[in-house]
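Colleague: So the sequence lines, in the order shown, correspond to chains H and L. Take the first sequence: its position 100, counting from 1, is numbered 100 in our numbering, and each next residue is one higher. Take the second sequence: its position 77, counting from 1, is numbered 188 in our numbering, and each next residue is one higher.
If you're looking for bench data, these hints aren't it; they were derived computationally from the structure. Note that beta-carbon positions come from the ideal geometry of N, C-alpha and C, so glycine has one too. Honestly, I wouldn't trust all of these hints.
DSBU-like, lysine-lysine: derived pairs with alpha carbons at most 35 Å apart [claimed, not checked]:
1. L:175 <-> L:131
2. H:70 <-> H:56
3. L:125 <-> H:70
4. L:152 <-> L:131
5. H:57 <-> H:110
6. L:152 <-> H:57
7. L:152 <-> L:166
8. H:110 <-> L:125
9. L:152 <-> L:177
10. H:110 <-> H:56
11. H:70 <-> H:110
12. L:152 <-> L:175
13. H:56 <-> L:131
14. L:166 <-> L:131
15. H:70 <-> H:57
16. L:152 <-> H:70
17. H:59 <-> H:110
18. H:56 <-> L:125
19. H:70 <-> H:98
20. L:177 <-> L:131
21. H:59 <-> H:98
22. L:177 <-> H:98
23. L:166 <-> H:70
24. L:131 <-> H:98
25. L:152 <-> H:98
26. H:70 <-> H:59
27. L:175 <-> H:98
28. L:125 <-> L:175
29. L:125 <-> L:166
30. L:177 <-> L:125
31. L:166 <-> L:177
32. H:98 <-> H:57
33. H:98 <-> H:56
34. H:59 <-> L:152
35. L:125 <-> H:98
36. L:152 <-> L:125
Partial chain L-side listing against chain H, Cβ under 8 Å, derived [to be verified]:
37. 124
38. 196
39. 200
40. 204
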Amino acid sequence: TQLLEQSPQFLSIQEGENLTVYCNSSSVFSSLQWYRQEPGEGPVLLVTVVTGGEVKKLKRLTFQFGDARKDSSLHITAAQPGDTGLYLCAGAWAAGNKLTFGGGTRVLVKP
Amino acid sequence: GAVVSQHPSWVICKSGTSVKIECRSLDFQATTMFWYRQFPKQSLMLMATSNEGSKATYEQGVEKDKFLINHASLTLSTLTVTSAHPEDSSFYICSALRGGRGTDTQYFGPGTRLTVL
């Protein structure tokens, strides 16, 4: 079974603080995707990483893919209440293959 | 963009009835779509892979006779929950696989909330 561990499960911070979410596996990913999900809605794709060591930035969000392509992190700088949501990482072990989701990290940014 | 729609967005039904949920890729063709279910405060769990023109592939523990999947065209997959029971109440989400840009990416629909009374 290919598992994807996401941590922490829950994060509550004040507006303006930074946060990091981690996603780890013992298997090598073909690609890894990060999603954000609002209550009652489907996940929205934030980024896809495919190259070991890759770093992608999306405004205040920074995504890193580990050199060995087994782990990834999402870092949010100066978090805002609008960043509140469920963050999900999902890995694919082959192109076009099904995704396995991590358990999710529920982020609450308090004003 | 890559837009995926689901219909209905929510449905309430009586125990024992069947419910059909549609998933459409609006601006691209998808030979592969996926169906997930999500319980409150939990992550997404893959139920099955829907392949256009062929039988769906179900994950372990998912009853294929209860969750019927039909992928009749390149833009439409349907999930029918047969003889629904209260324990089938959940948030059902589909995704469509879009490729051709070096990396295949799944784009998700907005979800369908099913409540079985």
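Colleague: Of the numbered hints stated previously, which ones are contradicted by the structure, given in increasing order?
Modeller: Of the numbered hints given earlier, those the structure breaks are 3, 8, 13, 18, 37, 38, 39, listed in rising order.
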